[in-house]
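Chemist: One-letter residues, chain by chain:
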Amino acid sequence: MKHIRTINGATLKKSTSKGGCGECQTSCQSACKTSCTVANQSCEKK
Amino acid sequence: MLLFTFLMFNFRTRIVREKMVHKFRMFDTNIVVDVNSGAVHVFDDISYEILDYFQDYDRDALVRKFSDRYDEKEIGEACDEIEKLVQNGELFSEDDYDGILPLAEEQPVIKALCLHIAHDCNLRCRYCFASTGNFGGDRSLMSPEVAKKAVDFVIAASKGRKNIEIDFFGGEPLLNFETVKETVDYARRREKETNKNFRFTLTTNAVLLKDEHIRYINENMHNIVLSIDGREDTNDRMRTRVDGSGTYRDILPKIKKLAESRNQDNYYVRGTYTRENLDFSNDVLHLADLGFKQISLEPVVAAEGTGYEIRREDLPFLFEQYERLAREYVARRERGEWFNFFHFMIDLSQGPCAVKRIRGCGSGHEYVAVTPQGDIYPCHQFVGIEKFKMGDVYTGLQNTELQKQFARSNIYRKPKCRDCWAKFYCSGGCAANAWQFNNDINIPYDIGCELEKKRVECALWIRVAESMRSE
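Heads up: the protein sequence lines correspond to chains Z and R, in order.
Each residue of the first sequence is one higher than the one before, counting from 1 in the numbering used here.
Each residue of the second sequence is one higher than the one before, counting from 1 in the numbering used here.
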């Protein structure tokens with residue numbers, strides 16, 4: 001497209017098919033002990 | 001933010017089907033986020049302007065509105081491209097996650113522990129939320145017996161989940177390293193019997209760190225968090241010994257050695273910035289200059305009146321700091337001086353699934369803290385607040401209603417989050433911060449929200465910048 005460049009598609013919608021297995025890391029176990037950040041974690045099924 | 005609300009209510013889950021688009025301009029780049037789909041786009045100026053009116057104006061009205069500044073053909077092309085994104089479900093997409101909300105709120109499964117291996121510390125950091133290590137109680141160390149009971153507890157409470165995480169936390173866990181080792185040995189034995197997979201982490205101030213610890217940590221710990229705040233004066237202003245002396249010169253060689261021994265991976269140097277070092281980007285860059293590749297620096301969460309708490313009037317300066325850091329981050333990584341900043345990490349395509357983003361950090365329902373006495377609290381920041389005691393490792397969870405309250409405390413149950421564009425990135429924020437500032441785990445800490453939104457914008461800009469430069 002000429003005016004718009006898509007960097008990322010509708011991946012959040014598609015992720016619902018993974019069903020929330022709950023096997024991924026808890027965010028506070030990485031480096032976050034006082035300010036919650038979830039989106040920077042990884043999916044265990046990727 | 002553009003917020004479009006369909007008059008379609010699902011009364012079972014009370015989700016309003018909102019179409020939500022967030023647009024922002026950073027360093028001459030127009031970034032558009034379709035909140036519900038997770039799509040991220042870069043718009044040129046004409047499409048960026050038209051977007052504000054696209055849902056309310058027909059094509060002729062848009063041409064009339066913008067024809068004094070843009071060519072009619074260009075306006076038409078921009079409209080066509082916007083329309084194409086809408087048709088593809090990548091713009092103005094609906095919030096239709098009501099179907100997975102029950103998954104997020106289902107019977108909670110505890111699968112991560114913050115094990116308070118020592119309620120004692122060899123430092124007296126001024127900003128410590130743990131009251132310099134004892135969490136407001138007596139100074140104490142966890143016995144191996146309590147730790148093993150905690151392992152038994154989490155194996156049972158994790159039900160069908162395979163992966164279990166244990167963070168050895170304090171206070172200072174190196175004050176009680178024999179219990180750490182006994183716990184790991186015990187969990188490794190039990191994981192074979194129970195078909196679980198334990199991942200251990202350890203958070204330390206590194207003062208006591210010796211070669212024998214490093215060897216053990218590298219053989220057994222999935223991740224290690226090493227506390228340092230940045231520049232020497234920044235660090236030593238807050239992170240002091242009992243006699244008031246700073247720790248920087250003592251810990252730096254030890255931390256460097258550990259980071260190198262792990263090939264600069266699976267660790268974080270982690271610090272806290274306060275009102276006394278609002279120019280915190282210099283602390284991050286200092287750590288990068290020292291050669292650290294995995295860096296996290298978080299804003300202090302401190303009560304009003306401490307003097308070092310982040311205040312609302314500090315936000316504009318802090319936003320500039322995040323932007324400065326983002327620009328330098330991209331520049332350094334481009335010229336081969338790669339480092340990772342925890343709060344700028346966003347994996348747009350393979351990050352957490354929608355269920356995880358709704359569930360949030362998991363405190364109180366997936367993740368709990370265990371004290372040296374074996375008492376269970378929703379997370380390390382709630383430890384010592386009696387009304388949040390959930391049970392103990394001997395008798396299990398007694399207050400299951402509290403666990404359910406935490407499981408239900410998600411972005412759809414928090415009015416402020418429901419209408420926020422960043423809800424799928426922060427997942428509702430920190431319950432402990434919400435409690436500390438608003439006495440309600442469902443009312444997020446406002447300054448924390450503002451900083452989080454800025455960090456997410458910077459992270460998105462970085463992804464855009466790096467994506468466009470790699471093409």
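For the record, the hints were derived by calculation from the structure and aren't laboratory data.
Ideal Cβ placement from N, Cα and C applies to all residues, glycine included.
Keep in mind that the hints are not guaranteed to be accurate.
With a straight-line Cα cutoff of 30 Å, these simulated BS3-like cross-link-like pairs (lysine-lysine) come out [what the hints assert, rightly or not]:
(1) R:K293 with Z:K45
(2) Z:K45 with Z:K14
(3) Z:K13 with R:K181
(4) R:K162 with Z:K14
(5) Z:K18 with R:K23
(6) R:K293 with Z:K2
(7) Z:K18 with Z:K45
(8) Z:K2 with R:K159
(9) R:K196 with R:K404
(10) R:K162 with Z:K18
(11) R:K181 with R:K293
(12) Z:K18 with R:K159
(13) Z:K45 with R:K196
(14) Z:K14 with R:K192
(15) R:K192 with Z:K18
(16) R:K162 with R:K453
(17) R:K65 with Z:K45
(18) R:K387 with Z:K45
(19) Z:K2 with R:K19
(20) R:K196 with Z:K14
(21) Z:K14 with R:K19
(22) R:K453 with Z:K45
Distance windows between CB atoms, simulated [what the hints assert, rightly or not]:
(23) R:E337 with Z:K2: 16 to 26 Å
(24) Z:K2 with R:D56: 45 to 55 Å
(25) Z:K2 with R:D28: 43 to 53 Å
(26) Z:K2 with R:E466: 53 to 63 Å
(27) R:G336 with Z:K2: 25 to 35 Å
(28) R:K404 with Z:K2: 30 to 40 Å
(29) Z:K2 with R:Y57: 16 to 26 Å
(30) Z:K2 with R:D419: 40 to 50 Å
(31) R:F27 with Z:K2: 18 to 28 Å
(32) Z:K2 with R:E232: 50 to 60 Å
(33) R:Q107 with Z:K2: 31 to 41 Å
Chemist: May I ask which of the numbered hints given earlier this structure violates, with the numbers listed in increasing order?
Modeler: 3, 6, 8, 14, 16, 17, 18, 23, 24, 25, 26, 28, 30, 33
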